[in-house]
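Protein chains: 2
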Amino acid sequence: MTNQKRFNVAVVGATGAVGGQIVKLLEQRQFPINTLKLLSSARSAGTKIPFNGQEFTVEEAKPESFEGVDIALFSAGGDVSKALAAAAVERGTVCIDNTNAFRMDPNTPLVVPEVNIEKVKEHQGIIANPNCSTIQMVAALKPLYDRYGISKVIVSTYQAVSGAGSRAIDELLRQTKAALEGTDVNPDILPVGSLPVKHQIAFNAIPQIDKFQDNGFTLEEMKMIRETKKIMNDEDIQVTATCVRIPVVYGHSESLYVELKEDFQMDEVRQLLANAPGLTLVDDPESQQYPLAADSAGKPDVFVGRLRRDLYEPRALNMWVVSDNLMKGAAWNAVQIAEYIASERQ
Amino acid sequence: MTNQKRFNVAVVGATGAVGGQIVKLLEQRQFPINTLKLLSSARSAGTKIPFNGQEFTVEEAKPESFEGVDIALFSAGGDVSKALAAAAVERGTVCIDNTNAFRMDPNTPLVVPEVNIEKVKEHQGIIANPNCSTIQMVAALKPLYDRYGISKVIVSTYQAVSGAGSRAIDELLRQTKAALEGTDVNPDILPVGSLPVKHQIAFNAIPQIDKFQDNGFTLEEMKMIRETKKIMNDEDIQVTATCVRIPVVYGHSESLYVELKEDFQMDEVRQLLANAPGLTLVDDPESQQYPLAADSAGKPDVFVGRLRRDLYEPRALNMWVVSDNLMKGAAWNAVQIAEYIASERQ
Chain R
195 MTNQKRFNVA VVGATGAVGG QIVKLLEQRQ FPINTLKLLS SARSAGTKIP
245 FNGQEFTVEE AKPESFEGVD IALFSAGGDV SKALAAAAVE RGTVCIDNTN
295 AFRMDPNTPL VVPEVNIEKV KEHQGIIANP NCSTIQMVAA LKPLYDRYGI
345 SKVIVSTYQA VSGAGSRAID ELLRQTKAAL EGTDVNPDIL PVGSLPVKHQ
395 IAFNAIPQID KFQDNGFTLE EMKMIRETKK IMNDEDIQVT ATCVRIPVVY
445 GHSESLYVEL KEDFQMDEVR QLLANAPGLT LVDDPESQQY PLAADSAGKP
495 DVFVGRLRRD LYEPRALNMW VVSDNLMKGA AWNAVQIAEY IASERQ
Chain U
195 MTNQKRFNVA VVGATGAVGG QIVKLLEQRQ FPINTLKLLS SARSAGTKIP
245 FNGQEFTVEE AKPESFEGVD IALFSAGGDV SKALAAAAVE RGTVCIDNTN
295 AFRMDPNTPL VVPEVNIEKV KEHQGIIANP NCSTIQMVAA LKPLYDRYGI
345 SKVIVSTYQA VSGAGSRAID ELLRQTKAAL EGTDVNPDIL PVGSLPVKHQ
395 IAFNAIPQID KFQDNGFTLE EMKMIRETKK IMNDEDIQVT ATCVRIPVVY
445 GHSESLYVEL KEDFQMDEVR QLLANAPGLT LVDDPESQQY PLAADSAGKP
495 DVFVGRLRRD LYEPRALNMW VVSDNLMKGA AWNAVQIAEY IASERQ
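Protein sequences, first through last, are from chains R and U. Heads up: the first sequence begins at 195 in the numbering used here, then just goes up one per residue. Heads up: the second sequence begins at 195 in the numbering used here, then just goes up one per residue.
Treat the hints with caution; some may be incorrect.
Here are the simulated lysine-lysine pairs, DSBU-like style, with alpha carbons at most 35 Å apart [what the hints assert, rightly or not]:
#, chain 1, residue 1, chain 2, residue 2
1, R, K392, R, K199
2, R, K455, R, K242
3, U, K392, R, K371
4, R, K455, R, K392
5, U, K405, R, K405
6, U, K405, R, K493
7, R, K392, R, K493
8, R, K315, R, K256
9, U, K218, R, K455
10, R, K371, U, K218
11, U, K493, R, K218
12, U, K455, R, K346
13, U, K493, R, K405
14, R, K423, R, K218
15, R, K493, U, K493
16, U, K371, R, K392
17, R, K455, U, K405
18, U, K371, R, K218
19, R, K231, R, K346
20, R, K405, R, K218
21, R, K392, U, K276
22, R, K405, U, K371
23, U, K455, R, K371
24, U, K371, R, K493
25, U, K371, U, K455
FRET-style restraints, in silico, Cβ to Cβ [claimed, not checked]:
#, chain 1, residue 1, chain 2, residue 2, range
26, U, E538, R, K423, 52 to 58 Å
27, U, D382, R, P244, 34 to 40 Å
28, U, K455, R, D408, 26 to 32 Å
29, R, F245, U, D378, 27 to 33 Å
30, R, A236, U, K455, 45 to 51 Å
31, U, A277, R, R464, 53 to 59 Å
32, U, N380, R, R285, 52 to 58 Å
33, R, R361, U, E538, 24 to 30 Å
Note that these hints are calculated values from the structure, not bench results. Computed from a predicted model, the values in this text were never measured in an experiment. Where a beta carbon is used, it is the ideal one built from N, C-alpha and C, also for glycine.
Starting from the given sequences, assemble the full structure and let the hints guide the process.
This is the structure:
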C-alpha cells in the first residue's frame with residue numbers, strides 16, 4: 195500500500211454529532227488522507243479536534259475552503275449543503291452529503307453500499323447519504339428483496355435522540371436528571387428545533403420527527419417511504435412508516451412487517467440475513483437474544499432479529515432491526531462511500 | 195343516593211402498582227363500599243394504606259378472606275388468582291381478575307366496558323380484565339369496527355415499565371441514575387422477572403415482554419392477538435403485534451395500521467373517535483398536538499391521534515394510541531366493571 199493514492203479530504207460539520215463520528219472513522223479506517231480540513235459554521239470555528247495524533251483547528255466553511263479538496267463529507271444540515279455543495283463541485287470536489295438537501299434530486303445517487311454501491315459511478319459531483327432510519331431498514335431488506343421481492347413494508351420506529359444532533363442528546367440527559375430530581379424538565383429542542391411547540395422526551399415517546407406534511411405523515415416518515423423506493427430502484431414497493439422519538443441516546447430500533455412476493459422458508463430467511471454483508475443476525479428467543487439499541491452503540495453493523503412468520507399472511511414476516519444511527523445510519527455509510535470512491539481512483 | 199346498596203369489597207394485591215391505583219380509584223369514585231379488605235401476599239401483610247381518611251392494614255390473602263365479600267378485585271399475579279379465585283367464587287364473591295389466569299377461559303367474560311360491557315352478565319363468578327396493551331387498542335378500534343368493520347391490525351407497542359410492576363419502575367429509575375453517573379446499570383428484573391437473562395432498560399428498547407412462544411411471538415404479543423378476537427367477538431380479525439418495553443414509567447403508546455372493510459372518510463373517522471366514550475382525540479399536526487405517554491399519566495382516557503389515511507391501501511389508516519397502562523389498562527377498567535356490577539344490583 196506504499197503507492198496508495200492519498201486524498202485531500204474535508205469534513206463539513208466536524209463539530210457535530212455525525213461529523214465527530216466521521217472524523218473518528220477516517221482515523222480508525224486509516225483512510226488514505228493527504229490533507230484533512232475540518233470545517234464548521236463560524237460559531238464553532240476554532241474548536242480543536244484530535245486526528246492521528248495531531249490537533250486540527252476547525253475552520254469556518256466557505257466556498258474557497260474546497261479549493262484542492264478531492265472528497266468532502268457534509269453533515270452540517272441541509273442549508274449548509276445547499277449553500278456550499280455547488281461551490282465544492284465547481285472546484286472538482288466529490289461531495290458525500292449526509293443531509294436531506296439532494297437525496298431526492300434525480301441527478302444525485304442515493305447510496306447504501308450494501309444495496310446500490312454501483313450508483314456512485316453515476317454521480318455528478320454529489321452523492322447523497324440516505325436518512326438514518328432508511329439506511330438500516332433497506333440494508334436489512336436487501337437480501338430478502340433480491341431473493342423473494344418485496345411488495346409491502348409497514349414500519350414503526352424507535353429512534354434515538356442523537357439523530358436530532360448533539361443538543362438533543364444534551365436535552366435528554368438534562369431532562370432525565372431533572373425528572374429524577376422532580377424538577378421541571380423545560381423542553382427546549384425536541385421534537386423539532388425550528389418549530390414552536392416543544393415536548394418532553396425524558397420518560398416519554400414523541401410520535402413526531404421532523405415537520406408534518408399535508409398528508410398527515412411527517413417528513414421523516416416520507417423520507418423512509420420515498421428514499422426506500424429510490425435506493426431499491428422500485429417505485430412499486432409500498433412503505434408505510436410511523437416515526438417515533440424515544441429516550442435512547444444512540445441506536446435506532448425498527449419494528450418491521452414485510453410482505454414478500456414469493457413463498458419463503460424461515461431457515462432460508464435466517465441464512466440470507468446471517469450471510470449478508472453489513473448485517474448481524476441476533477435471533478435466539480430461547481436465550482433471550484435479539485438486537486438492542488444499547489448493544490449497537492458504536493458498532494458499524496445493522497442488527498436483525500425477532501424473525502417470525504406472520505400468523506395470517508404466509509408470505510409476510512416480522513422483524514426487529516437495530517443500528518447505531520450515527521454509525522451505519524450516518525457516518526459509517528458516508529465513510530463507506532468515500533472508501534469506495536478512493537478505491538475506484540487507485 | 196341515601197338508600198344506595200353498599201358492598202363488601204376486597205382488593206387482592208393492594209400493595210402493588212395496579213392494586214394501589216384500584217384503592218385510589220375506589221376512593222375517588224366514591225364506590226359504594228360497606229366494608230373494605232386490603233389483601234396481599236404474606237410478605238406485604240401489615241402494610242398500612244389510607245382510604246377515605248382511615249388507615250387500613252393489609253392482611254394476607256387466604257381462602258377465608260373472601261367470607262362475606264361481594265366483589266373482589268385481583269391484581270396480585272396469575273398464580274394468586276389461580277390459587278384463590280375459586281375459593282372466593284365458592285363463597286359467592288364476584289371476582290374481577292386483572293391477571294392472565296382466566297382471560298382465555300371460555301366461561302370467563304373478557305371485558306372492556308366501552309366494547310362489550312353486556313358480557314359481564316354471563317359471568318360464572320369471574321370476569322377477566324384484559325391485558326393493558328389490548329384494552330387501549332380495542333377501545334380505540336371499537337368505533338371504527340362498529341361503523342366499517344376491521345379486517346387487519348398491525349401494531350407495534352411502546353410500553354411503560356410500570357406494566358411489569360413496582361419493582362420494574364424502581365429498576366428503570368435506579369438504572370437511569372446509574373447510567374447518568376456512568377456507573378454499572380446491573381439489570382435485575384426486566385425483561386421478564388422469572389427468566390434468567392436480564393437486559394438494560396435505561397436508554398434502551400427491549401423487544402420482549404413476557405415469555406417467547408413456539409411461533410416466535412411473545413406471550414404479550416399473543417395476548418393482544420387472542421384477546422382482541424375474544425373481546426371483539428370476531429375470530430376473523432387479524433392482529434399482528436410486536437411488543438416493546440421502552441424507558442417510560444407510565445403510559446403505553448401504540449402505533450397502529452388498521453385495514454377497514456369499507457371505504458371511509460377521514461372526517462367521519464375523526465368524528466367517530468371524538469364522540470366515542472372513553473376516547474379523547476388529540477390530533478392537530480399543525481399545532482404539534484398528538485397523544486403523549488407523559489400527558490396520559492393518571493388519566494382514565496384512551497388518547498388517539500396521528501390519524502392519517504394509508505398512502506397505498508385506501509381502506510387503511512394509521513393511528514397512535516396512548517393510555518395510562520395502570521389506569522384504563524388495568525385499575526380503571528377493573529373499577530368500571532365493578533361499578534357496572536354495583537349499578538346492576540341496586
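Okay, the hints, checked on the actual structure:
Simply put, K392/R and K199/R have alpha-carbon atoms about 49 Å apart, too far for the 35 Å limit, and the pair is violated. A C-alpha spacing of about 52 Å is found between K455/R and K242/R, which places the hinted pair above 35 Å, so the restraint is violated. This hinted pair checks out: K392/U and K371/R have alpha carbons roughly 24 Å apart, not beyond 35 Å. The suggested pairing of K455/R with K392/R is violated, with an alpha-carbon distance near 42 Å, which exceeds 35 Å.
Straight-line distance between C-alpha atoms of K405/U and K405/R comes to about 38 Å, which puts the hinted pair past the 35 Å bound. For the suggested pair K405/U and K493/R, the alpha carbons sit about 28 Å apart, so the restraint of at most 35 Å is met. Restraint check for K392/R and K493/R: the C-alpha separation of about 31 Å stays at or below 35 Å, so the hint holds. Only pairs whose Cα atoms come within 35 Å are accepted, and K315/R paired with K256/R is accepted, the gap being roughly 27 Å.
Of the supplied pair hints, the one linking K218/U and K455/R is violated, its CA atoms being roughly 53 Å apart against a limit of 35 Å. Distance restraint check for K371/R and K218/U: the Cα-Cα separation of roughly 29 Å lies within the 35 Å cut-off, and the hinted pair is therefore satisfied. Distance hint between K493/U and K218/R is unfulfilled; the C-alpha atoms sit about 47 Å from each other, more than 35 Å. For the hint linking K455/U to K346/R, the alpha-carbon distance of about 19 Å falls within 35 Å, and the restraint holds.
Among the hinted pairs, K493/U with K405/R is consistent with the structure: their alpha-carbon atoms are about 28 Å apart, no more than 35 Å. Between K423/R and K218/R, the direct Cα distance comes to roughly 31 Å. Compliance with the 35 Å bound is thereby established for this hinted pair. Annotation: proposed proximity of K493/R to K493/U is violated, straight-line Cα distance about 41 Å (limit 35 Å). Among the hinted pairs, K371/U with K392/R is consistent with the structure: their alpha-carbon atoms are about 24 Å apart, no more than 35 Å.
Simply put, K455/R and K405/U have alpha-carbon atoms about 31 Å apart, close enough for the 35 Å limit, and the pair holds. Among the hinted pairs, K371/U with K218/R is consistent with the structure: their alpha-carbon atoms are about 29 Å apart, no more than 35 Å. Distance restraint check for K231/R and K346/R: the Cα-Cα separation of roughly 43 Å exceeds the 35 Å cut-off, and the hinted pair is therefore not satisfied. With a C-alpha separation of about 31 Å, the suggested pairing of K405/R with K218/R holds against the 35 Å cut-off.
Among the hinted pairs, K392/R with K276/U is inconsistent with the structure: their alpha-carbon atoms are about 47 Å apart, more than 35 Å. Among the hinted pairs, K405/R with K371/U is consistent with the structure: their alpha-carbon atoms are about 32 Å apart, no more than 35 Å. Proposed proximity of K455/U and K371/R is contradicted: the alpha carbons are some 47 Å apart, above 35 Å. In summary, the hint linking K371/U to K493/R is supported, as the alpha carbons are separated by about 25 Å, within the 35 Å threshold.
Distance restraint check for K371/U and K455/U: the Cα-Cα separation of roughly 48 Å exceeds the 35 Å cut-off, and the hinted pair is therefore not satisfied. Range check, E538/U to K423/R: about 56 Å between beta-carbon atoms, so the 52 to 58 Å window is met. At roughly 38 Å, the beta carbons of D382/U and P244/R sit within the given window of 34 to 40 Å. Distance hint check: the CB atoms of K455/U and D408/R are about 27 Å apart, consistent with the given range 26 to 32 Å.
The hinted range of 27 to 33 Å is satisfied by F245/R and D378/U, whose Cβ atoms lie roughly 32 Å apart. Separated by about 59 Å at the C-beta atoms, A236/R and K455/U break the suggested range of 45 to 51 Å. Remark: the range hint 53 to 59 Å for A277/U to R464/R is contradicted by a beta-carbon distance near 41 Å. The supplied range of 52 to 58 Å is met by N380/U and R285/R, whose beta-carbon atoms lie about 54 Å from each other.
In this structure, R361/R and E538/U break the distance hint of 24 to 30 Å, their C-beta atoms being roughly 57 Å apart.
The structure does not agree with the numbered hints 1, 2, 4, 5, 9, 11, 15, 19, 21, 23, 25, 30, 31, 33 stated previously, though it agrees with the rest.
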